[in-house]
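Protein chains: 2
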Amino acid sequence: MNTGPARGMRDFLPEDVRRRQYVIGVIADVYQKYAFEPLETPAVENLETLQGKYGEEGDRLIFKILKRGEGAETGQADLALRYDVTVPLARVVAEYRAKLPKFFKRYQIQPVWRADRPQKGRFREFYQCDVDAIGSTSMTVEAEILSAAADVFVRLGFQDFQIVVNHRKLLNAVLERAGVPKELYGPVLVVMDKADKIGVDGVRKELAEKGLADKVATTLLEQLSGAPPANLSEWMGQQSNALNDDGKQAIEDLRQIFSLCQSTSAGAHLALDRSLARGLSYYTGPIFEIRVADLAGSLGGGGRYDDLIGMFSGESIPATGISLGLERILVVMGERNMFPESVVSTPADVMVVQWFANRTNLYLSFAKELRDGGLRVELYPEAPVEDGKKVSDRQFKYASARGIPFVAVIGGDELANGTVAIKNMKTGEQASVPRAEVVKWLNS
Amino acid sequence: MNTGPARGMRDFLPEDVRRRQYVIGVIADVYQKYAFEPLETPAVENLETLQGKYGEEGDRLIFKILKRGEGAETGQADLALRYDVTVPLARVVAEYRAKLPKFFKRYQIQPVWRADRPQKGRFREFYQCDVDAIGSTSMTVEAEILSAAADVFVRLGFQDFQIVVNHRKLLNAVLERAGVPKELYGPVLVVMDKADKIGVDGVRKELAEKGLADKVATTLLEQLSGAPPANLSEWMGQQSNALNDDGKQAIEDLRQIFSLCQSTSAGAHLALDRSLARGLSYYTGPIFEIRVADLAGSLGGGGRYDDLIGMFSGESIPATGISLGLERILVVMGERNMFPESVVSTPADVMVVQWFANRTNLYLSFAKELRDGGLRVELYPEAPVEDGKKVSDRQFKYASARGIPFVAVIGGDELANGTVAIKNMKTGEQASVPRAEVVKWLNS
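Residue numbers (our numbering), protein chains in the order written: chain V, 4 to 447; chain W, 4 to 447.
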């Protein structure tokens, strides 16, 4: 009998869960500070809610659920597993419009399922961590979303991250000015977006393959790649003069984002990346990505998308969002040893030894004192056969194997003196502490 | 287009999520204090892992997932949605035996899916919240699990709960002594278990229907129903003398549980219920249930089940567990208004108003100060068209509609004086507070 998880799925053992909960906890706490609110939607959606929303390729990757009862024998599906948290958000906005605030700022951290071919780092069940602000066209929203993202990465211990921004309307205006045919906008942006991976020559080659004239490609490369402008404000002024109305609007939006972010945590990390395009087609305004120096790809990204949230109601509803790459963040933090030892590696702060054969009540009371003092306490579940007999061996070994940093013993002497012997399992040092002061001692 | 959730599924809007997270947070925190560790398994399991584990009725209620790719056209299923968290636990114990500690104490709080007919209070997606201690036969484990459960209910604000216990081996011994035929043990216990709902006459009637002789039924009713014995210790001694070896062992277990719990939070809530049987067939030792006075049914229950966890490896692995009825707890707490207002009802502690048309940077900086001070801060996203123009109307209304308790304004006077005007949205009172003291003021 196969006892592994299903293909492409993962079991999270306790240390995995603690790592995940730690990161999720930081993200949730930070976004709550910005008054974003949690939303949860069911894992199972009506198939018709999801189908046709993710393109042909996406449709194929949806896990479909067999009809039950009378429909079972037909082999047909009527339900499906959540594929992302954006379509459910659009559904929720359409369904509960009257109950939701005018500016609906929500975060949603839930697993999604995709029937992708599993490979290294790609799973069939993974978490999405999306933050979206719905209902306002103000760039203040962009500034707040980016500021919160910066807070998240700082609190997780990243120091070297960059928040790069660009604007879809600026890209389009530059493409227009350079003479790129409209039907090539999409493919050309996808190629330009790879500049940091395939280099200028690679971009040139791929643009030619897409059918872009060499001269147009040269102009584009001048405009979109290379180092950011030295004087951003001056560059913005020049650009604005030479662009169409959409381009002017884009420059104004970017100008505001840079200005507003100066008063937030994002300011110190912000940079313009003229080639940033982001893969998804639905962005309509500012776009952004969070990068760390030594990692290809990003730790998160997003942008403004004013036409997606209204898909079920047919309206245009302004929205800006960022998706933090939770699985990716976990991998990078693991590789860099960024998890605080105390939080994720140990199941308890201290283990209480059972020294006497028949005094479990004593140890239960003592464990209660420590727990009431806020400590996480393991009580070794089994009393020894004789007082103290081989206790040190078996019980101490157990604590050590589990990575519990301290072990507390009340034996004969301690009972007589009202003390507790506490052993530091790393250094081997032992201390005798009055029972009433153990909580304080362990907390210090 | 239907924009509701699928049948029997629920969307959790922000206040719902906050309520759920509050209860889950308390449960997780308490069990962590007892050194229980979190486990998470995938929502999707191989169909063969689940099938045949829940009986015929259970098998029918499993949501099955259609094969993808080449198998798609056959209409067959190879995967299924998690139906409970017990079978996955057994699978995990078999798969990772070498990596898990000798005493594996885990909690698992995850949704499960059942294709039940939806009805009031019964959903197709709901959370299970299971706590199990694997690997020890010591009654200390029972005492710790019950003590933690008591801590959970106390922290949630329940005062009137009872933890009732009984023992499967005691029940069996009493049935044997009363002359119940072995094949009727199961059905008879199910009937006895309903004593509090259908009364003594109802029990008598149903026992007769099951084919139990009237005399035997009378003996049983004497033995199993009615008030708990006045002198528990004395009663245990009498029982023990008149029972078979299994019965004697059961009495000894119960004696230990009552004794050990006196040193824990469970002691004050513990009672024997001689008719408690618990529905599931797999219990082999002590069983327990958590009840509140005015609620039919229980808020949680469990027991010792020494033969289930080894189902995949064919071993007998000792285990004791409790399942807390999360959905039920939420309903009762909602009805009784037990959720702390500040935690669940408001998305922010304070809203920062944008008074000036062109000073969003000022408000972003101020919001940052408050957030750095630990507050949850909503910044109204849109600046007014003119300074102060209609600000009070629109922005104050918005804060009020969202239930945000305080609104902070920096207008002309405040800017000149280095103060902030803070309005209490409930009382209407207004205070002028130096900007540097706003965090302290709001936290007090």
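For the record, the hints were derived by calculation from the structure and aren't laboratory data. There's no promise every hint is true.
[What the hints assert, rightly or not] Cβ pair distances, simulated, as ranges: (1) V:E255 to W:G78: 49 to 57 Å; (2) W:D81 to V:Q433: 36 to 44 Å; (3) V:E318 to W:I201: 51 to 59 Å; (4) V:D390 to W:D163: 53 to 61 Å; (5) V:E225 to W:K393: 41 to 49 Å.
The beta-carbon is built from N, C-alpha and C at its ideal position, and this holds for glycine as well.
*Violated hints, by number in ascending order, as checked against the structure*: 2 and 4
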